[in-house]
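Protein chains in written order, with the working numbering: chain A, 301 to 541; chain B, 96 to 432.
These aren't lab readings, by the way, just hints derived from the structure by calculation.
Beta carbons are placed, not taken as given, at the ideal position from N, Cα and C, and that holds for glycine.
Careful: at least some of the hints might be erroneous.
Claimed, not checked - Restricting the straight-line Cα-Cα distance to at most 20 Å, the calculated cross-link-like pairs of lysine to aspartate or glutamate (EDC-like) are: (1) B/157 x B/360; (2) B/414 x A/316; (3) B/332 x B/174; (4) B/387 x B/360; (5) A/317 x B/211; (6) B/332 x A/316.
To be verified - Label-pair ranges, simulated between beta-carbon atoms: (7) A/384 x B/305: 31 to 39 Å; (8) A/394 x B/259: 26 to 34 Å; (9) B/268 x A/386: 40 to 48 Å; (10) A/532 x B/305: 37 to 45 Å; (11) B/233 x A/347: 48 to 56 Å; (12) B/240 x A/446: 51 to 59 Å; (13) A/303 x B/270: 45 to 53 Å.
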Amino acid sequence: MGLILAWQIAAAAVNDKLLLPSFLQVAAAFSRVWPTILIEDLPTSLLHFLIGMAGGLLVALPLGMIMGWFRAADRILDPIVEIFRPIPPLAWIPFAIVWFGLTDTAAGFIIFVGAVFPILINTYVGFRNLPRVYVESAKVLGATRDLDLVRYVAFPYAMPSIAGGIRIAMGIAWMCLVAAEQFGVSSSGLGYKIWSYYYLHQMDYVLLYIVMLGLLGLLIDKTFRYVVEEKLLKWQVGLTQ
Amino acid sequence: MRKFIFIALLAAVVVVTMGCISSPEKSGNATSSEKTTVNITTLHVGYQPSTHQIAEMVASEKGWWAEDLKPFGVATVDEKVFQSGPPEMQAMLAGALDIAYVGTAPPITAIAQGLDAKIVAAVNINGSDLVLRPNVTYSGPKSLEGLSIGTFPPGSIQDIVMKKWLEDNGVDISKVQIHGMGPGDAVTAIEAGKIDGVFLPHPSPAQISLDGKGRSVVQSGEMWPNHACCSLLISGKLLRDQPALVEQIIKTHIKATEYVNAHPDEAAQIYAQKTGQNLAMVKESIKSWDGKWISDPTIQIPSTVEYAKIDQKLGYINKTLSKDDLFDTGFYVKAVA
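With the hints as constraints, model all of the structure from the sequences given.
Here you go:
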């Protein structure tokens, strides 16, 4: 409430919709387009987000586990990862078009580029930080195959780190939505509408969709934390509280 | 209670900070009536790397902007290049540009949102092509149903001209997949074979044709004869405070336009050097396009006003814009007198 009040007071002081649309102007814009947001924009953006995140998980989890478990794999793959990691998702747009056309997959690819590295790095770190004594204890108890050690020891140990990586990845993926929806892959979507209203200089709608992006990102994060941290990783509670 | 005091203090800090920030245009307007007008010493010019706007580049490279505007106190001409009209208009809305070479469509939406500026001269008419991939058959507008076409975003000249032409020819627009995007993305998409065609301003059609990735099937002058394309837009502040400077800007623009029409090869050379684009491609573009470099704004009035009506019908703007809202032809009349 305080933030909304500060926003409205600041906008009233600025008195320029181009510089800072007020909360009331943004609320009015919402009242005009909320059905379109719910029926068209949100499903489109969620589709792009899910394609990107699914791709990120499918690539980053196995790769991070392999790099974290096998030193040789880490030595070979790490330089390649570090070359690609700093490249911003935006730079991949021309290739997204060439490889995937103007499709939802192309948008998902841009989000994938943003999501894959946090998951990969955190998975790698989780595996790499596994204390030697856990592995030796498991071997004593009969888990001698790498597959068993990964399944029963390393992966559960690394879960909090992996969950942290996925949480960061979701935030970055959601941010990449704006870039992912700007090159003609769809005529709806939260990111698409930001560009669309920007071209029409309707800054109240631009800010509305920015706020919607933020609120939905918060909802996704809270949902993830509830499911993963409070349910799947419930055992962690006893460690710190 | 403490939380409330903290939030109230934060709000007060924000208000005091924001109160110190105001639109440059607004603060200029607030003081100009009270003080003597201060002539600008730096002219901020916006333009796009398109063969449509060669006149701006010729005027720049020949030194005419600097030479002709110096007597009016302009010591520096600061050029900013934009890939498309909307960010150029956003910059003008923010007070960062004094004059803009820009398509006539972006100023319509910007002026509807409060941009204080007027179109004072024309830059070109026509000049866009519908390009289809070599293996895509074309047998008239109806044959476009079922195809995917990339063009500039909704509200742009290309979007309006193409959709009007399709409707006038009985084409069901819902059966044509129209993708709104920038020129770079559209050229990439057609050259990668990911869309069937594009409708873009030159020189992109020439580039695609020379790359062997498409051929022009319809030119925009055939879709809408003599439709307005690029124009010269000047800020309201400059129009009011420095009318003599505005008149000279138009004279320089006319001089550059006449020079381009008389020396197209040299103009192509200047354009290629300034933009880094391939000279052979630029020459081919100028040879093959149906565009015309002009300066008389009255030629553009009918189609521009029609664009504004279409924008309003589509909900892109929420008011009716008349010729006088968009144009000020008085300066051009004085410049050619």
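The hints, checked one at a time:
1. Between residue 157 of chain B and residue 360 of chain B the CA atoms are separated by roughly 15 Å; this keeps the pair inside 20 Å, and the hint holds.
2. A hinted pair counts as satisfied when its Cα atoms are at most 20 Å apart, and residue 414 of chain B with residue 316 of chain A qualifies at roughly 19 Å.
3. This hinted pair checks out: residue 332 of chain B and residue 174 of chain B have alpha carbons roughly 19 Å apart, not beyond 20 Å.
4. Of the pairs offered as hints, the one joining residue 387 of chain B and residue 360 of chain B holds, with about 15 Å between alpha carbons and a cut-off of 20 Å not exceeded.
5. For the given pair, residue 317 of chain A sits about 14 Å from residue 211 of chain B by alpha-carbon distance, which is consistent with the 20 Å threshold.
6. At most 20 Å may separate the alpha-carbon atoms for a hinted pair to count; residue 332 of chain B and residue 316 of chain A meet this at roughly 18 Å.
7. Checked against the hint of 31 to 39 Å, the pair residue 384 of chain A and residue 305 of chain B passes, with Cβ atoms roughly 33 Å apart.
8. Evaluation of the 26 to 34 Å hint for residue 394 of chain A and residue 259 of chain B yields a pass: the beta carbon distance comes to about 31 Å.
9. A beta carbon spacing of about 43 Å between residue 268 of chain B and residue 386 of chain A agrees with the range 40 to 48 Å that was offered as a hint.
10. The beta-carbon spacing between residue 532 of chain A and residue 305 of chain B, approximately 58 Å, falls outside the hinted interval of 37 to 45 Å.
11. Between residue 233 of chain B and residue 347 of chain A the beta carbons are some 33 Å apart, a value that contradicts the proposed interval 48 to 56 Å.
12. The beta-carbon spacing between residue 240 of chain B and residue 446 of chain A, approximately 58 Å, falls within the hinted interval of 51 to 59 Å.
13. Judged by the Cβ atoms, the range 45 to 53 Å given for residue 303 of chain A and residue 270 of chain B holds: they are separated by roughly 47 Å.
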